[in-house]
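K.L.:
If you want the building blocks of each chain, they are given just below.
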Amino acid sequence: MSDITKQSLSELIKNIKEKKISSTEVTKAFIERSEKSKKLNVYVTEDFSVAIDKAKKFDENPNLDLKLPGIPMAVKDLFCTKNVKTTAGSKILNNFIPPYESTVTQNIWNEGAILLGKLNCDEFAMGSSNETSYFGSVQNPIDKDLVPGGSSGGSSSAVAAQLTPITIGTDTGGSIRQPASFTGTVGLKPTYGSCSRYGIVAFASSLDQAGPMAQNVKDCALLHEVISSYDEKDSTSIDFKRNNYSKELTNNIKGKKIGIPKEYRVDGMPKEIEDLWKKGIDYVKDCGAEIIDISLPHTNYALPTYYIVAPAEASSNLARYDGVKYGFRATGENLIDMYEKTRSEGFGAEVQRRIMIGTYVLSSGYYDAYYLKAQKVRKLIKNDFDEAYKKVDAILTPSTPSSAFKIGEKTNDPVSMYLNDIFTVPVNLAGLPGISIPAGHDAKGYPLGLQIIGKAFDEQNILNIAYAMEEKINFKNKITDWWIK
Amino acid sequence: MSKDKSDYLINRKDNQYEVVIGLEVHAQVTSKSKLFSTSSTKFGAEPNTQVSLVDAAFPGMLPVINEFCVKQAIKTGIGLKAKINKRSVFDRKNYFYADLPQGYQISQFKDPIVGEGKVILDMPDGQKEVGIERLHLEQDAGKSIHDLDPKNTFVDLNRSGVALMEIVSKPDLRSPDEVNAYVKKLRSIMRYLGTCDGNMQEGSLRADVNISVRKKGTKEFGTRCEIKNVNSIKFMQMAIEYEANRQVDLLEEGQSIDQETRLFDTKKNETRSMRSKEDAHDYRYFPDPDLLPLEISDDFIEKLKLEIPELPDEKKKRFIEKFKVSPYEATILVSDNETSNYFENVIKKSDVKLATNWIIGELFAALNEKNLEITESPISAGNLSKLINLIKDGTISGKIAKTVFEHMMEGDKDPKKIVEEKGLKQESDPKALETLIDKVIDDNREKATEYKSGKVKLFGFFVGQVMKVSGGKANPQLVNEILKKKL
Amino acid sequence: MSINLKTIKHISKLSRISVDEKKAEKLADDLNSIFEFIEKLNELKTENVEPLTSVAETTLKLRSDEVKSKDKREQIIKNSPQENEDYFVVPKVIE
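Protein chains in written order, with the working numbering: chain A, 1 to 485; chain D, 1001 to 1487; chain W, 2001 to 2095.
Among the clues, some could well be false.
Said to hold, decoys possible - Facing chain W, from chain D, some residues (calculated, C-beta under 8 Å): (1) Thr1030; (2) Ser1031; (3) Phe1043; (4) Pro1047; (5) Val1051; (6) Val1064; (7) Ile1120; (8) Ala1141; (9) Asn1152; (10) Asp1156; (11) Tyr1285; (12) Leu1294.
What the hints assert, rightly or not - Covered by chain A, according to a simulated footprint, are these stretches of chain W (three or more residues, beta-carbon under 8 Å): (13) 2004-2015; (14) 2052-2064; (15) 2082-2091.
What the hints assert, rightly or not - Straight-line alpha carbon distances no greater than 27 Å define the calculated DSS-like cross-link-like pairs of lysine-lysine that follow: (16) W/Lys2013 to D/Lys1042; (17) D/Lys1093 to W/Lys2022; (18) A/Lys341 to D/Lys1083; (19) W/Lys2013 to D/Lys1083; (20) D/Lys1086 to A/Lys382.
Bear in mind the hints are in silico, worked out from the structure with no lab data behind them.
Each residue gets a CB set at the ideal place from its N, CA and C atoms; glycine is no exception.
Whenever a hint applies, use it, and build me the whole structure from the sequences.
P.N.:
Following this line, the structure appears as structure tokens:
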């Protein structure tokens, strides 16, 4: 089989189960293509030779009852992987080798998958273009010098370029859905508390969620089924009945009520996004769903709220990177000097900026005006969704206000960069599940995504809607392999 | 109940100053594992051997709370007659230090697990009530060792993450003696409850001391200074003594007092300023997003109430009412659970009055001399009880009993056996005593004549002689009677 | 509102990140533009709104008091930039 890497996850599993291909063949195929794709800069750490060994071992005694039998895959470098370097895209962790495994990745290996390596991402997941990574920016396989989105940019690029059949990212304000949208792939941000945060380098604890990224909705559902689990090691993990998402997947969404929030029609939104959204509405109507206009009145306040809450938590979460226990240490004359130099040299500009914002909004005299205020507005934003879900089953919006932009285009203007997450951030603030699916192309031929937001714990429903829409949209990603030629 | 009756005042030429003290006691919760991790809390382990990935703040590690520590805090709250808050919140207190791996301490700031309560002190001039402001749970930090290397500081994280209860008193204390009584009472309550072992040498109990002074009779509080991390009652008292005088001196010179954190230097016996003002801490407290609010049901609290043993105040009341001991004796007997248990075991089979005297007198003195706790007493409660019965039934005299007691202190021997082996049994046979007394009178003819001619003072001499000849074993009462007849 | 260099110095000290003049100026510019955008929240009246700290609709789970993590010294110390057999080692602390 020459085109192994072009196969979807479901096809690969089928072929492995039917013994048409071996795990070793699959693993080698993805490695071979990855070797030819260094220009994309998706890998921070490759673990290829170990992966081949594991694949061979799998093939010697294959357990075909597993959900991901002998499937090779790379993961975002924010997940701690035992004995494999984990950097979070930062210099401050550039030599850190965790002696433990994150729960989410452990769940994946337990189902028979094999680690290919660790994927590039924005430093500590702070960014929307993968340009804040200490290990350099990542190329979007859609076009040269185009950002793949962020922070899970290495992940989205790797899936779109078929360097891994599936992957996992993390999403704090849009870091799975926005890069999925920029690369023509599918990305799900699950309900807060669905996937364990144990062993994931923390950015903002009350917002962070791991989630699956894939080429299609079915693969995404299967991977979600594997990674979602209740975990006693995470106090915010929620014990609820989890579905067999891939088995229960259906394209029958007749009678579902889909809300269209008027506040998502933001000023200056490109017409092609507006058109895409209208097309999306037509698709769900075609599937027999009912469209209902709704209002989420505090939408405009989500981004300012997010830029208080996330940096505040990050400023504290990142205090542990002090050069004492692990990671990079700069030479200092005394302890304090060492701290200040280590953190100044070890963190990049965006991370430092967010630590400063977070420190400021929590500092004495400003807590009430900023942090407490933001928590109250967060409540209002959640209330908006609670109200809306009295009338509808899910909400349909664009994933991003624009298609992918050029590397370097927005690096000097933090606020314009932040605006990228305008449609995704409210979902994190409310702790809801959201999925981005590719729905069309803009004039330049760059992919555009639509987002379906669900009720808490209702991943099955948004996966079903996405599945039904996917069939109607029949999206084809335009990957030319420009970086290989 | 007397309030503010303390006469601890600092006198200067024209003024008298009163000292106002509040204590923040940090008590280590007795538990097997740490507050948010599963590593051991055992004291004295090799450095960094009781450190989990959570304690060392590895990336992606998360806190999971220990139920037992929560129960211990609630029990302590019940022991302090305090309000238990059914909803409490864990906050992060952010600051950088080598022995604080997370870069923050998980503590409780706005919503502690326990609210207002009280502690009753037994002072020489009566009882005094000290208000408790709050009790909250928090993590301990690790240890920085500065003296093992000239250029570097070494960090041991064994203590990092151990559960502490911070118990904050109201500014109700007025003297070093009251502080002494308060800390001892607090420790006693926690030991009764089994929530903190109170071992100050091992650092299980430390305190931050807040002190201000004001002219006697004024209502407003003065500016206070906080003396951090004092680890013995004696040092607390010394620090207060020094600090109060320092503040009074400043005021007398017309200067003002800076609100600041100070350190007690135990070698120089003085307090000194810890941090300069421009480096003032801003802890940026905020609710820990890795944890949810701690919610406790009424049922949970009620079940814990059933586990609360009789506490010192109630026990004292019972001892006074039931055993008719004096309030002073009762206070001593209930000072810790082990003493009161010992006492109650002794009096199961022996006289209360004698038992009280022997425990508070002989036993405490002997233990003190050997630097032993009551739990380490060489004399078991059963054997002390036997000794008391030997006195009570006249087998031995009180004086002989002291000799027997000394032998018992050498090893827990049955007093009856000691009496037999050493032939210490009291001679109460009148005939035998008569023979003895006849002999003494015979040997001291001249003195007997003098006595008979009116020198009655010599009676004591004859008693002494009889006791001497009997080796102290003669029953003193009988000796008196027979001597009177014979002489 | 405006964040000046003095504020930048103060928060850089709190967050233990050294900043020189040039970096401080850049940070002040960036933070001012970000806060301009954040100030939008002041349009909302929130006096009677309960703050939301976590969206996890569950209560805090309590674990039993068992010692499970043991003998991790080697693992714990291994990643440290400077250590000896027993301890993490840091430059001298100056009070």
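K.L.:
In ascending order, which of the hints set out earlier in this document are inconsistent with the structure?
P.N.:
Result: hints 1, 3, 7, 8, 11, 16, 17, 18 and 19 break, sorted rising.
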